[in-house]
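Participant: One-letter residues, chain by chain:
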Amino acid sequence: MSPLAAVVADIKSYKASLDDQTTWQASLVKAIGFEVAQHARNRLALALVVFFIPVWLGIVRAIIPSDTVEYHSRVVRGPLPVNANELAMVSGAINAVTLIIGFMMFAAVRRSSAFDQRLVLAGHSRACLLVAKLAGLVLVAAVVAGYAGFVMTLYWDPLQPGLMTLSLFTSGLTYGGLGIVLGLALSTELAGMFVIIMVSLVDVMVQNPIINPADTQAVVRFLPTYGSMQAGAAAGFTSRGALGYASLGLVWLTAFGLIGLAAFNRRTRDHARHAPSAEPSATVTLTTRADGSLVVTSMVGPVVVCTQLAQCPSGCEAPVVPPPARARRTRKTATS
Amino acid sequence: MSTPDFTLRAVDLHKAFGARQVLRGVDFSLRRGEIMGIIGENGAGKTTLLRVLSGELKPDRGAVVHRDRLGYCPQRIVVNDELTVEQHLRYFQCAYRLPSLDRAQELLERLDLAGYRRTKAGVLSGGTRQKLNLVLALMHDPGVVLMDEPYQGFDWDNYLAFWSITKELRDRGQSVLVISHIAHDVERFDRLHRLRGGQVVEEAGVAT
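Sequence order for the protein chains is A and B. When we follow my numbering, the leftmost residue of the first sequence carries the number 92, and every step to the right adds one. When we follow my numbering, the leftmost residue of the second sequence carries the number 6, and every step to the right adds one.
Since the hints were made in silico from the structure, they are not lab data. Do not take every clue at face value.
[Unchecked claim] Stretches of chain A that chain B covers, calculated by requiring three or more beta carbons in the stretch to come under 8 Å of a beta carbon on chain B:
(1) 108-119
(2) 125-137
(3) 158-165
(4) 358-364
Just so you know, even glycine gets a beta-carbon here, dropped at the ideal spot from N, CA and C.
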């Protein structure tokens, strides 16, 4: 048996061993597998990855002149003379990767929105589902960034191809996180696509030294792909390390992840109340009549109405709490 | 309406969407081991009621209390088009924490769905997708089953299979609430109510 066949056999064996396990870890592994399967079946996104990235970089290579421009690099702490054509390839690759991954995550989250809610209401762990989505994002971003980094080396030779791929990867994580949030917040694919394209347009455009020659970076540094662009430019034209800038994408991903977690919790909340059979509860409906008197209807269990708490026959010791303003409404339901 | 032997209870449910008041004080109890039907015209609020009962939607006022595990079959078929039938079952096995898929397999066979285990939900026909929708609601043998138009798209054989499964649930002491725009075979229900004017009222002419 070849090593590859042995690995495949091991994976199948491990997968089979998980089939009937329902622990958190087993649920997570299965959920990650299902996430990856969903992404792998998104044919439009796969076609964009395979064809759009090389075609887009090829167009940039063909039409952008190779003049020298000054890029305001925070890594070298000053203007960095670079080839405009090669710099355009860096921003073009970041643009392509972020759009594709943002769209993939948005589409996956939006399409599975009702399904995820059904899973959670059935008892599935929210955290497990969200971690699986993030794991799917990391895998997708790694594959797309690796491919884009490879394609870029077909057109020119960045000085640090590894750092270049890392910057593409973290830019993908940033927009993947944005896609998750938009997938939870927006209801139509058109709206999500528009938002992702608009954000990306502004993000990439104002960092382009040809469009924005100003050296001030007070606002620019707060753009989502600022860190990736800085790291990408450093990777392309210098030998300096820029891991810190590349890692800014992780900060964005964390922020989007927290927003996504809050939105996911809100969207999948279970509003019904489970009451065990033995619970000694009373469920009453209070209705105020026109004459001011109260009607108390018991749905289950006996109810003692204390009109004068000081002489309460059942010995209630709780202090009297004045009714909140809402209690003045015509009808009020109380469950206990 | 008040009974201590309830398995699910709706208390004074109110729900509005903007200025449109859909539910105006829904009160009813579902007893153990009964099949209850709630019918209503289009737009009466049936789906809203079931979404509130399932916990999916928050009522503006009132409460839903259930004592047993819920099974929920929504009107809109909620499956993931990119996953196979088998993957759906594995996903919900984790959600329900089931040690095996024996019950799910039994349901697949009774609903003539067993041959589609490796088929993506996205390429199934409407009726077959509805069967999967139903299996996901029943595979954990819930004490209370809430179903919204559960037999839409079923052919006659599957319609009969559906009622056979439902009757078995009732005979085992489980409870079933079916919501539909029209009640076929009213004799199959133990109780039949109508959603009218935002409230659940007893349907005239049906023994309860």
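Participant: Could you check the structure against the hints above and give me the numbers of any it violates, in ascending order?
Facilitator: Number 3 - this is the single hint that the structure violates.
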